[in-house]
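A.B. asks: We have chain Y already, so just place chains V, D and A on it with the hints.
4 protein chains.
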Amino acid sequence: MSATARLRILFEHPGIIRLIGAHNALGAKIAAEVGFDGVWSSSLEISASYTLPDASILTMTEYLAQAKAMVRATSIPVIAVCDSGYGNVHNVIHMVREFEAAGVAAVCMEDKIFPKVNSFVPGFQKLAPLEEFASKIRAALDARHDPNFMIIARVEALIAGQGLDEALKRAHAYVAAGADAILIHSAAKTPEQIIEFFNAWDFSAPLIVVPTTYYTITAQELEAFGVKVVIYANHGIRTIVRALRETFSTILDAGTSAHIESEIVPMQQILALQGMPELKQNERLYANGRQPAPANQIETFS
Amino acid sequence: MSATARLRILFEHPGIIRLIGAHNALGAKIAAEVGFDGVWSSSLEISASYTLPDASILTMTEYLAQAKAMVRATSIPVIAVCDSGYGNVHNVIHMVREFEAAGVAAVCMEDKIFPKVNSFVPGFQKLAPLEEFASKIRAALDARHDPNFMIIARVEALIAGQGLDEALKRAHAYVAAGADAILIHSAAKTPEQIIEFFNAWDFSAPLIVVPTTYYTITAQELEAFGVKVVIYANHGIRTIVRALRETFSTILDAGTSAHIESEIVPMQQILALQGMPELKQNERLYANGRQPAPANQIETFS
Amino acid sequence: MSATARLRILFEHPGIIRLIGAHNALGAKIAAEVGFDGVWSSSLEISASYTLPDASILTMTEYLAQAKAMVRATSIPVIAVCDSGYGNVHNVIHMVREFEAAGVAAVCMEDKIFPKVNSFVPGFQKLAPLEEFASKIRAALDARHDPNFMIIARVEALIAGQGLDEALKRAHAYVAAGADAILIHSAAKTPEQIIEFFNAWDFSAPLIVVPTTYYTITAQELEAFGVKVVIYANHGIRTIVRALRETFSTILDAGTSAHIESEIVPMQQILALQGMPELKQNERLYANGRQPAPANQIETFS
Amino acid sequence: MSATARLRILFEHPGIIRLIGAHNALGAKIAAEVGFDGVWSSSLEISASYTLPDASILTMTEYLAQAKAMVRATSIPVIAVCDSGYGNVHNVIHMVREFEAAGVAAVCMEDKIFPKVNSFVPGFQKLAPLEEFASKIRAALDARHDPNFMIIARVEALIAGQGLDEALKRAHAYVAAGADAILIHSAAKTPEQIIEFFNAWDFSAPLIVVPTTYYTITAQELEAFGVKVVIYANHGIRTIVRALRETFSTILDAGTSAHIESEIVPMQQILALQGMPELKQNERLYANGRQPAPANQIETFS
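Residue numbers (the numbering used here), protein chains in the order written: chain Y, -11 to 290; chain V, -11 to 290; chain D, -11 to 290; chain A, -11 to 290.
Note that these hints are calculated values from the structure, not bench results. Do not rely on the hints blindly, as some may be mistaken.
With a Cα cut of at most 25 Å, we get these calculated PhoX-like pairs of lysine-lysine [to be verified]: (1) A:Lys157 x A:Lys216; (2) V:Lys114 x D:Lys157; (3) Y:Lys114 x A:Lys114; (4) Y:Lys216 x Y:Lys157; (5) Y:Lys177 x Y:Lys216.
Sample of chain A residues facing chain Y (criterion: CB under 7 Å; computed from the structure) [said to hold, decoys possible]: (6) Ala43; (7) Ser44; (8) Ile45; (9) Met48; (10) Gly75; (11) His82; (12) His133; (13) Asn136; (14) Thr206; (15) Gln208; (16) Ala212.
All C-beta atoms in this analysis are idealised placements derived from N, C-alpha and C, irrespective of residue type, glycine included.
Next comes chain Y alone, as it looks inside the complex (with noise of 0.2 Å):
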């Protein structure tokens, strides 16, 4: 099955999806090996990867990599983080054909201008004007092959200080549009904004949240007000950092990593990540016509 079905079944049936911010395939993998529904190919992970701004420095082309890398580390459907669309409804159109082309189960395109900075930088947030925006969602609808093809459509009038009623009459003109889905994204420190928001809303399409700020509330609680995806978008990022540091610094200090190889995974398990046991078994597979390793060797590492 395709991840757009695989996708658009999570969608119909009952229950939240789960999906976690990643930035490369080892991430995805491991987001599929944990449990969640879904990889959120994050363009602040990816640009934090690249330690460049989360402001459309890098391009449409390392994100689409990573994004690409991703689909082929896990079965698990890739839901990527496309900015603004990457310029207008031109850009919006290539946009969808490269994703879609890349094995991408979905796009999420937000309704700022280009180039965008991140949003949970103050000061630099600009909505796109709302007719422009509802025609990049047009063009990307027209853009797909697939029709499990998910478009989503990010709504940042809470980010730029606009309020609730901005932010209603945007969702509702981008379910007008066509869009598939409508993440309506808030900065607050507490849920209460997003929650008036729920309250609001007709549920015209499925709601998508990011509880980055007013992470409090859970999983349980949003499904009950009726949000059916909820995306982790950058704990991952921010758990490499701290750990990275750590253990940097201990090793340096130490001069040896001796204190710190019971707290990370063995070589086995990174080699195991990377396929090494399917190599194996190919390594003896298509042996002819040569003298493959031994298996008591070659199973040592696994």
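C.D. replies: Chains V, D and A alone, transformed into the frame defined by chain Y:
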């Protein structure tokens, strides 16, 4: 000062040089922040980030791209793992030109055949003929423009189970061919094997080690043995896998990130690592004709 | 219909299939426009476009990127030259997955060692052991998802001066291993050598030829001999070098392009090949909330 | 000597500088071979090679990759078309760093909004506010490390139909902002419009022109008007389309390449452009431990 000059100075000054492995710009930046002397652009880590075997499956193109991203992210020297040189002498010549042009300070080639398999996977290790590898070293030296761009020869004789004499013979041959330094690799569980090499070596070239398996030996002890560079080659990725599994599982189980918020860095630190403060500064510096974001707002995140 | 299905139908219907070499999307689009049945994504042409030797210097990454660009540019099938499979069976498995995911209709592997050198360069041609190459074919077959994705085995025995018997032996072995078609390559100045092969072949698999040096034989004659595919592999790049030299010299000498304006296509045809008419149409289709360019103006170029 | 120094010397010496457009390394190498002073890495040509509109659909990543390939292929300076700077000042700063690191000698930015559309497409041309573009120039100047890395400001006022006064006002403002040279663009069918600009210009900065439509004016005449650089920006790709169509059609119709063999370069010249002679030489130079190909054999192709 160029990265190659900085690395050469480190080699000429007393004291052991400490490198740590990375697979992207973020790891390189944290390495510098923590105080490491340089970054080891690791093929194990990079291939693991793609969940592909460290077996010459990814090509020079992807390894070069990551090394280049690391160079841009930090001012400490980047030393790039280049497998067995990606083929024959012609590939080596091309490789040296490309990595030098990318601003990398040194490349490290190992004396195995192409395609190679990661040295910690038993049963796959096959050495290249000594003279063939010596030719690659000579070709690499002739191909560099900057004499400070270092060519490191990695001796895999101990890894391949060929013993101390073969290791010494090869190390001497590679020094004779012009290698700037020798990386003597061992996958023994304890330091005895590598110490045996130290005691037999004439130090006609600086020595580099990778204490992944024999991690009980300290940098101070290695320095006392005359070792010039110690590389912690894979602890970053091993840290990340453990940490991501824990964070992802905790969030999925709890249905919220509330319980791990204090254990991961806040968004502000991610934004800072991405260079948002510099972007903010440039916003004001080049605001001609536009209204920059109010200073009080854009200060918020930092 | 998928590109693989379209190619399979061409093989199942009577008549010789005509392919022409290309190194980018533009060449592929012109191939389709002119009426060729498919595009040969040529490693010779692609490496020449980089001015790098056709000797496994560029990696699979660059060859894949160009093949993918060709797939996007045209609906005729793209058949990709994949050298000797970029390494061993593990590289072949990765290669098949990547090229199939890119929408390529078939891959062609030659039975030479890695790194290979272009078949028209004497003195460098070394064959892989027969059984080793047969294993690659089996691995490739197992790796494909779509049974219509074709695996073409290219026999280089005549190129390597090993004679008809070796060529036949290898061709039969590769058919036995499951190859969907055999490309029998010859660099003889006249067709005698290849005709000798035709006469000795049992046509247990379709035959493909590349009449670069023995170009006097026609497609009609090849068809009469039972050949299924003829590939004009390098005439595009050879045309381009001649034509660019003439245009560039004429402009430089004359100090103006006036003398060659009638011999090159007008800008409007370049814009049309780029899809400017479609962009223009989309401009009007998705003009909500904006004033589209007046129709009379944007018609001008087409 | 660096490419930037070589370009600066060309600007300081008397005589008009002649550039020709290219979209890949091969075009750049032929440009140098024929005698052009430098290469114009053309967004029109590069996007056409992908059969995508020259409308900011391809990203900086692809343009940078081709410019870098040109730099490697030749020692004449490469001047890169960088559209409107790929976004705002932050994108410009990133762009300058990346193109300078790639060994490009100069970048050219045009004063249009993002996404831009090729200047020869009427109805889409919209200028950026003057002060906003001047800020981009200042940001670009501050971002370069090498003062010889040139920042060229392209004035599109005549293209956008805004007249001579606006063109002059903008050209002066960009010189005041620090632009190293002014490219004054015109799509008029005859040279009157551009000559009017020449007569009104104070030559406070060197002038660059692109006589695509008003091609009757010669380099000698332009030099007499004081113009410093003439660019033949798109004649390569226009030549290629015509030539490929003819070659492909002739081969398809005739069922053989026999009739065009004398009109295209022989394979040997392709191999030579790819550097096969250098590879051959290296083969002998680094043949230690292996038997190199016999000299008489490997001479054959050259």
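A.B. asks: Would you mind marking each hint as holding or not holding in the structure?
C.D. replies: Structure-based check of all given hints:
1. Straight-line distance between C-alpha atoms of Lys157 (chain A) and Lys216 (chain A) comes to about 20 Å, which keeps the hinted pair within the 25 Å bound.
2. Straight-line distance between C-alpha atoms of Lys114 (chain V) and Lys157 (chain D) comes to about 30 Å, which puts the hinted pair past the 25 Å bound.
3. The suggested pairing of Lys114 (chain Y) with Lys114 (chain A) holds, with an alpha-carbon distance near 21 Å, which does not exceed 25 Å.
4. Our distance criterion of 25 Å between C-alpha atoms is met by Lys216 (chain Y) and Lys157 (chain Y), whose separation comes to about 20 Å.
5. With a C-alpha separation of about 21 Å, the suggested pair Lys177 (chain Y) and Lys216 (chain Y) falls inside the 25 Å cut-off, and the hint holds.
6. About 6 Å separates the beta-carbon of Ala43 (chain A) from the nearest beta-carbon of chain Y, less than 7 Å, and the hint is met.
7. For Ser44 (chain A), the suggested interface contact is upheld, since its CB lies about 6 Å from the closest CB of chain Y, less than 7 Å.
8. This hint holds: Ile45 (chain A) has a C-beta 5 Å from the nearest C-beta of chain Y, less than the 7 Å allowed.
9. Annotation: interface hint on Met48 (chain A) holds; nearest CB of chain Y at approximately 5 Å, less than 7 Å.
10. Hint status for Gly75 (chain A) relative to chain Y: holds, with the closest Cβ pair at about 4 Å, below 7 Å.
11. Checking His82 (chain A) against chain Y: minimum C-beta separation of about 5 Å stays under 7 Å; hint holds.
12. The interface hint given for His133 (chain A) is broken, as the beta carbon of that residue sits about 18 Å from the closest beta carbon of chain Y, more than 7 Å.
13. Given hint, Asn136 (chain A) at the interface with chain Y, is violated; its Cβ is 25 Å from that chain's nearest Cβ, farther than 7 Å.
14. Taking 7 Å as the C-beta contact cut-off toward chain Y, the hint placing Thr206 (chain A) at the interface is violated, the least distance being around 37 Å.
15. This hint is violated: Gln208 (chain A) has a C-beta 41 Å from the nearest C-beta of chain Y, more than the 7 Å allowed.
16. A cut of 7 Å between beta carbons decides the hint on Ala212 (chain A): the least distance to chain Y is about 41 Å, and the hint is violated.
Of the numbered hints listed earlier, those contradicted by the structure are 2, 12, 13, 14, 15 and 16.
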